[in-house]
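*Asks:* Since the structure of chain R is provided, determine the placement of chain C on it from the hints.
Chains R and C are the protein sequences, given in the same order.
Take the first sequence: its position 319, counting from 1, is numbered 326 in the working numbering, and each next residue is one higher.
Take the second sequence: its position 325, counting from 1, is numbered 332 in the working numbering, and each next residue is one higher.
Hint data in this document are derived by calculation from the structure and do not stem from the laboratory.
Misleading hints may appear alongside valid ones.
Given that identical chains are not distinguished, each listed pair holds provided it fits within a single copy or across any two copies.
[Claimed, not checked] Calculated cross-link-like contacts (lysine to any residue; reagent style SDA-like; alpha-carbon spacing at most 20 Å):
1) 164 <-> 397
2) 201 <-> 233
3) 164 <-> 21
4) 201 <-> 390
5) 107 <-> 77
6) 164 <-> 180
All values reported here derive from a predicted model rather than from experimental measurement.
Protein chains: 2
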Amino acid sequence: MTVAILSIGTELTRGEIVNTNAAWLAATLTGAGFEVASIEEVPDDIARIVETLRRLGALHRFVVCTGGLGPTTDDLTAAAAAQAVGVALARDDSSLLAIKRRVEARGGAMNRAQEKQADLPSGAEVLPNGDGTAPGFALGIGAAVAYFLPGVPREMKRMFDEQVLARIRPAATSTTQQIRLRTYGLGESVLGLKLDGVEEAFPGVVLGYRAHMPEVDVKVVAHGSTQSAARDLASRAAAEVRQRLGDAIYGDGDDDFPEVVGRAVRARGYRLALAESCTGGLITHLLTSYPASDYLIGAAVTYANSAKTRLLGVSEDTLRGHGAVSGEVAADMAEGARRLCEVDIALAVTGIAGPTGGTAEKPVGLVYWAVSHPGGTVVRDRVFPGDRREIQIRAAYAAMDLLRRVAMGHGTAA
Amino acid sequence: MTVAILSIGTELTRGEIVNTNAAWLAATLTGAGFEVASIEEVPDDIARIVETLRRLGALHRFVVCTGGLGPTTDDLTAAAAAQAVGVALARDDSSLLAIKRRVEARGGAMNRAQEKQADLPSGAEVLPNGDGTAPGFALGIGAAVAYFLPGVPREMKRMFDEQVLARIRPAATSTTQQIRLRTYGLGESVLGLKLDGVEEAFPGVVLGYRAHMPEVDVKVVAHGSTQSAARDLASRAAAEVRQRLGDAIYGDGDDDFPEVVGRAVRARGYRLALAESCTGGLITHLLTSYPASDYLIGAAVTYANSAKTRLLGVSEDTLRGHGAVSGEVAADMAEGARRLCEVDIALAVTGIAGPTGGTAEKPVGLVYWAVSHPGGTVVRDRVFPGDRREIQIRAAYAAMDLLRRVAMGHGTAA
Chain R
8 MTVAILSIGT ELTRGEIVNT NAAWLAATLT GAGFEVASIE EVPDDIARIV
58 ETLRRLGALH RFVVCTGGLG PTTDDLTAAA AAQAVGVALA RDDSSLLAIK
108 RRVEARGGAM NRAQEKQADL PSGAEVLPNG DGTAPGFALG IGAAVAYFLP
158 GVPREMKRMF DEQVLARIRP AATSTTQQIR LRTYGLGESV LGLKLDGVEE
208 AFPGVVLGYR AHMPEVDVKV VAHGSTQSAA RDLASRAAAE VRQRLGDAIY
258 GDGDDDFPEV VGRAVRARGY RLALAESCTG GLITHLLTSY PASDYLIGAA
308 VTYANSAKTR LLGVSEDTLR GHGAVSGEVA ADMAEGARRL CEVDIALAVT
358 GIAGPTGGTA EKPVGLVYWA VSHPGGTVVR DRVFPGDRRE IQIRAAYAAM
408 DLLRRVAMGH GTAA
Chain C
8 MTVAILSIGT ELTRGEIVNT NAAWLAATLT GAGFEVASIE EVPDDIARIV
58 ETLRRLGALH RFVVCTGGLG PTTDDLTAAA AAQAVGVALA RDDSSLLAIK
108 RRVEARGGAM NRAQEKQADL PSGAEVLPNG DGTAPGFALG IGAAVAYFLP
158 GVPREMKRMF DEQVLARIRP AATSTTQQIR LRTYGLGESV LGLKLDGVEE
208 AFPGVVLGYR AHMPEVDVKV VAHGSTQSAA RDLASRAAAE VRQRLGDAIY
258 GDGDDDFPEV VGRAVRARGY RLALAESCTG GLITHLLTSY PASDYLIGAA
308 VTYANSAKTR LLGVSEDTLR GHGAVSGEVA ADMAEGARRL CEVDIALAVT
358 GIAGPTGGTA EKPVGLVYWA VSHPGGTVVR DRVFPGDRRE IQIRAAYAAM
408 DLLRRVAMGH GTAA
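Isolated chain R, as found in the complex (with noise of 0.2 Å):
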């Protein structure tokens, strides 16, 4: 019993835009239970949207269909959905009084493109949109049924979450269970060393590993004779991954790195200043992307030499002595930084992300990062590969890395 996706929109084929929406139903359908078996993307185009309907219509139990349902003359859905099964298109009271006083409380009136959102395929099933102007709706095709849902993606994940799969959950068939634990600081090569033998002990258990730079994703993949005992050998053979694995285990399911690191300088009762260089304000920026206010005071950018000794006392014989990318200035920049913004952690960054600027000494990749504490300044350096984009990426996630091991009382060896 399989799923498929159809995604509808000449803005997909034209490579106008990334198919985000088809990524977050596989995932969210595969973690259901459901094996998605065909993912297809078609142009606002009647005759192939009516053809690709009854095919999966044909071929699978459910489908799931997003995009053009919207007001515009392009939008094909609904009457191609109509004409897939031969029936006519009907004007939905409910869905028009759903439209109407949502067009109203924006200050607008309803005109008669609006209208055209309220006709669904006569028989179909309406699914209201809590947040937007056009509703979805259910229809059987062939022996499928078929989830037609906005392409908006937060309308579209509100309406899949509440609506369609409450609906369809009980025909999840699948007894694999799939648990994602997120890793930082070890490679795939090195996880795998150390997760060996852990199948044979579990049978049942298959192990996977997804790479995206700099993190890697293992997933604990159980397959179970019913629901229950796949959810139960995944969880026991989680266990003893992430016993294997200790602290590079740093969250799972969707934690996100960043996050993670936040709440580790919160949770020590820690205020934070950053000092960056090369990863030009991308650890500051990563950090900001939540709420941040109760525990970061401030950071310093310091591009140019003359800032580093501006804003963080950086001292010129230093800089000299070493030169800009080296331990001691990394250093002195977090020091400089815990002492200006009087706070008790502080993380410094310095290196040279390319694409010019190495030499044969200080090659493109070299970076330092130091954090200083009150037990003391720990300093670490590496060269990472990649181009700028990488190496920076790579260098803010070391050194958040050192500043969570650090905030958490680990790691602070120098």
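*Replies:* Below, chain C alone, put in the same frame as chain R:
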């Protein structure tokens, strides 16, 4: 005559990655004058790949396939392609040699898994891979020629550009030409008003708009009787659009706003400092995504009031009298950063990104930004809609746009 794109890989149908390859291929094919009629994603399942290849081969002129050419046991694309046309796999000696050389150059030794990548459908035309071990190939399937490329984006893109596009381009039949102009600062409805009448003045031209927060692309799509007529019509209509929108157009094609802003500062010969509060380093990060050390001296991200005072010299009286989120503090921050870093021009931003911290008088989304330059200090403010991330992005773009205009000698009126 249409083209289909087929992306192969269970990581796609499980939603573990977003299909950026298909979007890139669709945009490139559209730009080259082809009509992409369908994009499909299937898992690494040989029966599904064979069925899909046969169906697409019967319907389209070209099929571009990516993924499943690697060395592991779940890489099944070559076997599926062979099965789809009823031929056997045959080892290709030149590919085998190329793989061996590449593996040995990395210091490794050839193993059987890597050798398997040289097994291609009998009669296929080899497409060498200059960046990786897996070769691609071309194979007639039904009425179509199908091109098989690796899933690694860098390898795929180069092979498509250099080998596939060169082969298929003469078959492009579209007499449609598109020019994309990138704008910032005007909403879709204002752009529409300013461009009223352009379609009438240039018969065969259709204007399109694509908003991707906080920018809007204007697409000039011209249909002509020949490709060169379409090209000529598109370029004349684009000139009219440029004239009407003026400096709301910041670039075309693949121009990126932060890069354009950096270019404007550099072109003016200015040295720049930044002072960010609610944008949390986002502006500095965006500008330093490109080499910036020749004009960017430093930045202060002053989250706490104490940091505004200590790093930028904002007076405690001003903070008390007007509040941290005020035009006065934005101006003081810009002037402080300019003085501190001894630079020509400084940009400062202060505001409330939320989700908390708003009041009736100063709601979430209220942002002040200021540019201090040799001609004086310009302050702007706005209440931006959206969540934390959106407010940060909108504020960063608004502030960068003021910087761009001042650097270009426009919009400096206070």
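*Asks:* Treating 20 Å as the Cα threshold, decide for residue 164 and residue 21: within, between, both or neither.
*Replies:* Only across copies: residue 164 and residue 21 sit 17 Å apart there, 23 Å inside one copy, limit 20 Å.
*Asks:* As a check of your reading, is residue 201 near residue 233 (CA-CA no more than 20 Å) within one copy, between copies, both or neither?
*Replies:* Answer is neither; intra-copy 29 Å and inter-copy 62 Å both fail.
*Asks:* Between copies, within a copy, both or neither: which fits residue 164 and residue 397 at Cα up to 20 Å?
*Replies:* between (31 Å within a copy, 18 Å between copies)
*Asks:* State whether the alpha carbon distance between residue 107 and residue 77 is at most 20 Å within one copy, between copies, both, or neither.
*Replies:* Within. Shortest intra-copy distance 14 Å satisfies the 20 Å Cα cut-off; inter-copy 54 Å does not.
*Asks:* My question is about residue 164 and residue 180: at a cut-off of 20 Å on alpha-carbon distance, are they close within one copy, between copies, both, or neither?
*Replies:* Neither. Shortest intra-copy (22 Å) and inter-copy (38 Å) distances fail the 20 Å Cα cut-off.
*Asks:* As a check of your reading, is residue 201 near residue 390 (CA-CA no more than 20 Å) within one copy, between copies, both or neither?
*Replies:* Neither way: residue 201 and residue 390 sit 24 Å apart in one copy and 52 Å across, limit 20 Å.
Checked against the numbered hints above, the structure breaks hints 2, 4 and 6 and satisfies the rest.
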